[in-house]
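Peer 1: Chains as they are written, first to last, in the working numbering: chain X, 1 to 660; chain E, 661 to 906; chain W, 907 to 1025; chain G, 1026 to 1171.
Worth flagging that the hints you see were computed from the coordinates, not collected in a lab.
Incorrect hints may appear among the rest.
[Claimed, not checked] Using C-beta positions, here's what the derived DEER-type ranges look like:
1) G:LEU1139 / W:ILE1012: 42 to 50 Å
2) G:GLY1157 / E:ALA896: 22 to 30 Å
3) E:THR682 / G:VAL1156: 45 to 53 Å
4) G:ILE1071 / E:SER662: 48 to 56 Å
5) E:ALA896 / X:HIS427: 46 to 54 Å
6) G:VAL1156 / E:ASP677: 54 to 62 Å
7) E:ARG681 / G:ALA1154: 53 to 61 Å
Just so you know, even glycine gets a beta-carbon here, dropped at the ideal spot from N, CA and C.
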Amino acid sequence: MRARHFATGSGDAGSDRFHDPESLSLAREIRYNPNVFGGPSGPPFPDGTATPDPSGSQSAVRVRRPVPGKRGVEAPHPFGPPLARGTTLIEVIRHDIVIVGGGAAGLRAAIAAVEADPDVSVAMVSKVYPMRSHTVSAEGGAAAIARDDDNLEMHGFDTVKGSDFLGDQDVIQYFVEEAPKELTRLEHWGCPWSRNEDGSVATRAFGGMSTKRTWYAADKVGFHMLHTLFQHSMRFDRIVRYDEQFVTRLIVDGGAVRGVASLDVREGVVRLILGRAVILATGGAGKVFPFTTNGAIKTGDGMALAYREGVSLKDMEFVQYHPTGLPGTGILITEATRGEGGHVINSDGERFLVTRDYGVGTKAELGPRDMISRAIVQEIEAGRGLGGPYGDHVHLDLRHLGAEKINARLPMVRELAKIYAGVDPVHEPIPIRPVVHYMMGGVDTDIEGATTIPGLYAAGETACVSLNGANRLGSNSLTECLVFGARAAQHAVRYAKGTDDGSEDACRRIGEEEAARIAALRGKKKGGEKLARIRSDLNAIMESGCGVYREQASMDETARTVAQLKGRFADVALEDESAVFNTELTAALELGNMLDVAESVAVSAAHRNESRGAHTRKDFTTRDDQNFLYHTLCNFDPTGPRLSKKAVALGKWEPEERKY
Amino acid sequence: MSEKKTFRITRFDPDRDEAPRTETYEIPVDPDWKVLDALNFIKDEIDGSLSHRWSCRMAVCGSCGMMVDGKPTLTCKKALSEYGSEISVEPLANFPVVRDLVVELDGFMEKFESVKPWIIRAKERAVEEGTHRQSQAELEEFKQFSMCINCMLCYSACPVVANEPEFIGPAAIALGHRYNLDSRDEGAHERNEIFRGEGSVFSCSYANECSEVCPKSVDPAAAVNQAKINAVIDWATGFVVTRGKE
Amino acid sequence: MKHLLLRLEPVIWLLFGGGIMVGTMLMTAWIAVVGLGAPMGLVPADALAFERAHALGSSLIGRIVLAALIALPLWKGAHHTRHVFIDMGGADRDALVAPVLYLLAIAGTVLAIAAVVRL
Amino acid sequence: MARAAHPDAMKPKSPGRTRTAPPMAPGQFPFAGRYRAYTLFDWTGIIYLLLGFVALRVVWALGNGEGAWQSIQGQLENPLYLAFHILSLVSVIFVGVRFFRLFPKAQPPRIGPLKPPPGPVIQAALYAAWVGVAGGLALVLAGGIF
Ligand SMILES: Cc1cc2nc3c(=O)[nH]c(=O)nc-3n(C[C@H](O)[C@H](O)[C@H](O)COP(=O)(O)OP(=O)(O)OC[C@H]3O[C@@H](n4cnc5c(N)ncnc54)[C@H](O)[C@@H]3O)c2cc1C
Ligand code: SF4
Ligand code: F3S
Ligand code: FES
């Protein structure tokens, strides 16, 4: 079951394969320790932990062949013995496939890669331990048809319509077909899906879905999916984890991607993790906004990495606002609350989604997110909201569901509401307001997850394969991570088999450049502006220009301000000089990424003169298929982002008015 | 933001400090803050070199565990108002300290992996065969033990972990036990052998502190002690039934 | 030694569990009557007179109860005392301490059986 | 958290390449606050050991004949023995109460086809058994029956 037989191999077979472009390498690992700035080694600590091994930093090249396998359980540490502190080192580690990100998409990709070929060697690089990835916080469910009254056609159409006809229909077709298989796999791997009476997997209703097709495990779906994937991935020796490694740059040389440069957060060194294909699965970028359901790690790193290497970011103007976030913290109250029958009410206790015309028709609370978010904002602007210390809000009322149903189906919602809003949904309504939730846009990929750089793939929230178009339907994205994570990996394995390793010298040069850049950034005292200040200014300007409702002037203003912020960021002052676990440094790197992403959001938005899906303009209130039925591509340019268009793949379903 | 509180925070930078030291910060606090908000305030506004882990700020990613006033605590879950005007924040007990409030996780990950936390079946089920049937009752049997967010508070509270480096420890045993109880799994015997091996479940002396501090009500103490009984039953049946070695 | 200990762990644990459960129940009565009641004169004097005591003890049930009453608490005692050592930071000497304690319990068990056999 | 934990506590098999500070034991461990009950629970082990051997002495004396029996009865009146037995009684009751509280949740949800009864029922049964066994034995010993 596990690829044990590689663990002991010590022959030279691997090095022969090294230059053989046809075959996959067998977990080859090359380490270079140029010992650029060899420093004095620190005194050994009283407990003797990690006594520096000066000899470790002397040898120039070390080739290690053992499968880095089980992270020190049976095999040596993938990074080898301790190194002298103060050494700035560049190590080169080689795998076949490098996956950046350990969320649902990254883990599924890793598993799919070893499933596609058990010999392939996969590096799983993540800036946090995979079980901390923000997939963990997804609550409501994952969509795939499961019931007899459902079919692919319906799921497909719901998704197309939800996307406001901006989703690519070939992608959607593939997605709905694969979705049930992927969720079934997850069931086989141990995901504790909630069950019907007869023991089959239960499904619940979700916004914009025409029937119950959202699989759930109470209201901790992302948590269970992530842990199931993570634990399942541990079966495979060929998946080597590099935890708390912050990828700071893609290594692109000779027209193809060759791997990544990554900062070892623990050690403070920059390392090259090379592979023939790289899959970005770094999640979304909600942290660009002040008020978001996203966790601290969702800073759009993957988008920025690809963007800076010349890959387009697609449809960045579409930022999903989730209607029900807790004021103050932005913590999400899942859509499943409405799926289970919760009501949204205003200060008069009126179910305005039913009583007033907000375009959701009979779907009422189960309308799509963009519409409900807009309805809430309009209610508040009409003076029918409730005031509070964190701004105006409306109420989500679950009281009529009763304690029993809430405890069985929505235990986490109850816990979150109690802890973070101080209300018990069994007895009181929950204060809610729209909150930034999800980036429909992302790294432009084709249906294979491939980008325009050979060997570079993207999947999950960081990618824009054009499943979600202008508005994602709730519960489609977890499934998307699985479906397209797997597909990207399968393609990447095929690609890796047919390509070569490229020039290691060139990669090393880029790595050294990157190491120098990061060394210069660390503890950089000059300038004077605090990191947190720039970040909060960025957040504020994004909210004012790219909120639920948008206008030309404020969007232009946002784009300008973000450009200025980039200038200010070049002058940021950092005080932490330590190499070890320097979270100020990582925060600075993240802010750099956020600025790039923010700029592309603002610029892309300012050019779409229509209202479509989540992109709602006060000055252009209707959808304009004549002029804007296209994907926006945004490309990096030192002088400012450049925009271009990409056609939408239409098919069976012709664009029509989106009315529920 | 009128109230002020004093934080005594453990600092340790292996590049400079011989040993951990304590630094004191007095900051204005908001009545709605959790402990984590105060740490983030200190990091953003006062001392950018303070290092701690956090991400989800909604008690589900498990990264923000620390000792607050000497007790293992999920800092994004615990309200500041529950503490007095002086609060001590230290890195999780029982773990080597990497830096400031950041502890070494790899030891935990090794234990975590050692219990084979995945579905083991004699024959893998094909996707075409569809999902397993699992009754709600069968789901209930292991559900609770699958709620662990790997925050490691239980390891910080457990007296046996403090003294026996080999002990697999509460969360990892709970995880293995979760798979043993899953009606879809057939690997209980394999895991029971691990449970009886080095760092065995019997090292636990039922201090129950793990369950006291668990922020997700996983009740790892129950899991560990149930695992003991199952490990004994499995051991005893070994004399009666001969099992084919894989 | 460590290996052997590991292999015996299930047996030890069962005896320990028995010690807590059965030992505690039996001992409650034993202490109340033999340890405190009789010496303090709270129990009728003839209750523990030699003939009656011997007759009770030498019955089959009596022998079993007495043997359990002595031996099981020893196992709970040995196992928990081992944990006391570990809690005090003695885990590294466990391979030394544990055998001594369990040998004590084994010796006590053998003697307990001898004691009831020769009644 | 003044006390150090085992220096290898939670240390990975191959430590990371930076110097780490040694692990500290949890605050209050082992004698104070929230660890007190647990520590006492373990320390009763010493009392149980002694208790077992004292009982062994008594039963052994019973086997030695009437003289030895009288003599041991006399010795048990010694205040030291009395104090020990009072301490033992407290310990035994403490162990019982703590253990019977923790016992129900240590039952696996299912052993083969068998399902244990709900926690409170197990606990009630344990207490009933305790009262029954201890009470019954005490009555027998004290001459109430037989
Ligand atoms: C609160 C909330 C609730 C949600 N609920 C639902 C729901 O009910 N249904 C649904 O379908 N979807 C839901 N979503 C959306 C869904 O959870 C996400 O779209 C999905 O989890 C994204 O997964 P991912 O794998 O792409 O990224 P993530 O899970 O965010 O993982 C990103 C990974 O990339 C790594 N990484 C990032 N940057 C770097 C770097 N520079 N170097 C190295 N590694 C890096 C991170 O460490 C992490 O491991 C929800 C989202 C949120 C925030
Ligand atoms: S069992 Fe509880 S305390 Fe332990 S790691 Fe899991 S969630 Fe945290
Ligand atoms: S605290 Fe430790 S001793 Fe056992 S019951 Fe929990 S694992
Ligand atoms: S920050 Fe995620 S658990 Fe606290």
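Peer 1: Take the hints in turn and mark each one as holding or not.
Peer 2: These are the hints, each one checked on the structure:
For LEU1139 (chain G) and ILE1012 (chain W), the Cβ-Cβ distance of about 32 Å falls outside the hinted range of 42 to 50 Å, so the restraint is violated. Range check, GLY1157 (chain G) to ALA896 (chain E): about 28 Å between beta-carbon atoms, so the 22 to 30 Å window is met. In this structure the hint that THR682 (chain E) and VAL1156 (chain G) lie 45 to 53 Å apart at CB holds, the actual value being about 52 Å. Checked against the given bound of 48 to 56 Å, the beta carbons of ILE1071 (chain G) and SER662 (chain E), roughly 54 Å apart, stay inside it.
At roughly 50 Å, the beta carbons of ALA896 (chain E) and HIS427 (chain X) sit within the given window of 46 to 54 Å. One distance hint, 54 to 62 Å for the beta-carbon pair VAL1156 (chain G) and ASP677 (chain E), holds here, with the actual separation near 59 Å. Separation of ARG681 (chain E) from ALA1154 (chain G) is about 55 Å and conforms to the stated range, judged on CB atoms against 53 to 61 Å.
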